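Asker: Under our numbering, the first residue of the first sequence is numbered 19, with each subsequent residue one higher.
There's no promise every hint is true.
Pairs of lysine to any residue, SDA-like flavour, derived with a Cα cap of 20 angstroms [what the hints assert, rightly or not]:
#1 K323 - I308
#2 K323 - P199
#3 K196 - G245
#4 K323 - E292
#5 K196 - N239
#6 K196 - G312
#7 K323 - E299
#8 K196 - R243
#9 K196 - G174
#10 K323 - G174
#11 K323 - E294
#12 K196 - A211
#13 K323 - L230
#14 K196 - D206
#15 K323 - G302
#16 K323 - T248
#17 K196 - G185
#18 K323 - N215
#19 K196 - S164
#20 K196 - F171
#21 K323 - L205
#22 K323 - E306
#23 K323 - D252
#24 K196 - A263
#25 K196 - S228
#26 K323 - R249
#27 K196 - Q232
#28 K323 - Q234
#29 K323 - R298
Computed spacing ranges between beta-carbons, pair by pair [said to hold, decoys possible]:
#30 R76 - R297: 42 to 52 angstroms
#31 T304 - T113: 52 to 62 angstroms
#32 C301 - T73: 51 to 61 angstroms
#33 S164 - G102: 24 to 34 angstroms
#34 G293 - P66: 49 to 59 angstroms
#35 R51 - S168: 26 to 36 angstroms
#36 S162 - R51: 17 to 27 angstroms
#37 A263 - P152: 50 to 60 angstroms
#38 G293 - P163: 51 to 61 angstroms
#39 E139 - G302: 58 to 68 angstroms
#40 D290 - G94: 39 to 49 angstroms
Hints were generated in silico from the structure; no laboratory data involved. The model shown is predicted, which means the values in this text are computed figures rather than measured ones. Each residue gets a CB set at the ideal place from its N, CA and C atoms; glycine is no exception.
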Amino acid sequence: MIIEGYEGYMPELPEVETVRRGLAPSMEGAVIRHVELRRPDLRFAFPPDFAARLTNRRILGLSRRAKYLIAGLDDGASLLMHLGMSGSFRVIRQTGSQMPGDFHHERSQIPAHDHVVLHLEGPDGSASVIYNDPRRFGFMDLLSPSDGASNRFLSGLGIEPTGNEMGPDSIARLFDRKTSPLKAALLDQRLIAGLGNIYVCEALWEAGLSPLRQAQSIVGNGPARLGQRTRLADAIRDVIARAIAAGGSSLRDHRLTDGSLGYFQHCFSVYDREGEACRREGCGGTIERIVQSGRSTFHCRQCQK
DNA sequence: CCTTGAACCTGGGCGC
DNA sequence: TGCGCCCAGGTTCAAG
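The task is simple: from the sequences and hints, build the whole structure.
Answerer: Here's what the structure looks like:
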């Protein structure tokens, strides 16, 4: 018997957190019995002996830092996973006498873009965790116990958008003397780690701030600027928290979804709403799409100053 | 150091 | 139906 779950789309922080929660029951406490690599690389080459170093290791916990998933292993190493733009995981639970890999024989062929399969043996039976990534912007790495925070992917990351550090003081420190647009500064993972294009647009709308103004323009001691930073910090927390809550709902109902934007998009105030009326009470503006550093920004000129 | 833009890939949607 | 173009959740580089 095969039970198939569907996890993961739109990989910004809330989605990565949703994936983490979805995978944790299958992965935590399980032993990796076999690792299938269908190709030598994703965005980057897998590290040397990647599969061998994972084999027969028990997964102690699955955590998240920014948009990274981190599986802690029983030898002190950690498996680092990033979903890029199009990565997703599926879990297939096997019960009965199936051998690992049999699900591929039950299908006439391997689904396109299934690049990594972790065959797990847990207390409640076996499971296969399959990483699929059409665009291959995702990547994986293996951290030795001594690597810790010196890992090239983790070392430069900024503060967590939902952590205790997020507040007007941190924003002042991080954005001081930054001449880049607010939009670009919020996307800079070295300052705040975990925000992506959708939720930056959403948070700026909620805070009533223009994506075009310079980041340093909300730095300063005046009450107006303190208010702007406070509203921005609150908006970031709020938008992320609501998206995680929505992700949780869609996860419970995942059989009803097709894995596309569908479910979440009802929650967006500006993202992908070009030409629609601004949803702010009494605003009357129209959502506009502009391009900043090569990426779409959705905003309302009327109420975002 | 700082900021911007190209590059990495595949697939879906649209206009012609 | 098909072709070419534009667009998409992110990150790393190179160039200015």
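Asker: With reference to the structure, classify each hint as holding or not holding.
Answerer: Hints, verified against the model:
{"no.": "1", "hint": "K323 - I308", "in the structure": "holds, 15 angstroms"}
{"no.": "2", "hint": "K323 - P199", "in the structure": "holds, 13 angstroms"}
{"no.": "3", "hint": "K196 - G245", "in the structure": "holds, 19 angstroms"}
{"no.": "4", "hint": "K323 - E292", "in the structure": "holds, 18 angstroms"}
{"no.": "5", "hint": "K196 - N239", "in the structure": "holds, 16 angstroms"}
{"no.": "6", "hint": "K196 - G312", "in the structure": "holds, 19 angstroms"}
{"no.": "7", "hint": "K323 - E299", "in the structure": "holds, 16 angstroms"}
{"no.": "8", "hint": "K196 - R243", "in the structure": "holds, 15 angstroms"}
{"no.": "9", "hint": "K196 - G174", "in the structure": "holds, 18 angstroms"}
{"no.": "10", "hint": "K323 - G174", "in the structure": "violated, 31 angstroms"}
{"no.": "11", "hint": "K323 - E294", "in the structure": "holds, 19 angstroms"}
{"no.": "12", "hint": "K196 - A211", "in the structure": "holds, 17 angstroms"}
{"no.": "13", "hint": "K323 - L230", "in the structure": "holds, 9 angstroms"}
{"no.": "14", "hint": "K196 - D206", "in the structure": "holds, 11 angstroms"}
{"no.": "15", "hint": "K323 - G302", "in the structure": "holds, 15 angstroms"}
{"no.": "16", "hint": "K323 - T248", "in the structure": "holds, 15 angstroms"}
{"no.": "17", "hint": "K196 - G185", "in the structure": "holds, 17 angstroms"}
{"no.": "18", "hint": "K323 - N215", "in the structure": "holds, 19 angstroms"}
{"no.": "19", "hint": "K196 - S164", "in the structure": "violated, 34 angstroms"}
{"no.": "20", "hint": "K196 - F171", "in the structure": "violated, 23 angstroms"}
{"no.": "21", "hint": "K323 - L205", "in the structure": "holds, 19 angstroms"}
{"no.": "22", "hint": "K323 - E306", "in the structure": "holds, 14 angstroms"}
{"no.": "23", "hint": "K323 - D252", "in the structure": "holds, 17 angstroms"}
{"no.": "24", "hint": "K196 - A263", "in the structure": "violated, 33 angstroms"}
{"no.": "25", "hint": "K196 - S228", "in the structure": "holds, 15 angstroms"}
{"no.": "26", "hint": "K323 - R249", "in the structure": "holds, 13 angstroms"}
{"no.": "27", "hint": "K196 - Q232", "in the structure": "holds, 7 angstroms"}
{"no.": "28", "hint": "K323 - Q234", "in the structure": "holds, 14 angstroms"}
{"no.": "29", "hint": "K323 - R298", "in the structure": "holds, 14 angstroms"}
{"no.": "30", "hint": "R76 - R297: 42 to 52 angstroms", "in the structure": "holds, 48 angstroms"}
{"no.": "31", "hint": "T304 - T113: 52 to 62 angstroms", "in the structure": "holds, 54 angstroms"}
{"no.": "32", "hint": "C301 - T73: 51 to 61 angstroms", "in the structure": "holds, 57 angstroms"}
{"no.": "33", "hint": "S164 - G102: 24 to 34 angstroms", "in the structure": "holds, 27 angstroms"}
{"no.": "34", "hint": "G293 - P66: 49 to 59 angstroms", "in the structure": "holds, 51 angstroms"}
{"no.": "35", "hint": "R51 - S168: 26 to 36 angstroms", "in the structure": "holds, 30 angstroms"}
{"no.": "36", "hint": "S162 - R51: 17 to 27 angstroms", "in the structure": "holds, 22 angstroms"}
{"no.": "37", "hint": "A263 - P152: 50 to 60 angstroms", "in the structure": "violated, 28 angstroms"}
{"no.": "38", "hint": "G293 - P163: 51 to 61 angstroms", "in the structure": "holds, 53 angstroms"}
{"no.": "39", "hint": "E139 - G302: 58 to 68 angstroms", "in the structure": "holds, 60 angstroms"}
{"no.": "40", "hint": "D290 - G94: 39 to 49 angstroms", "in the structure": "holds, 43 angstroms"}
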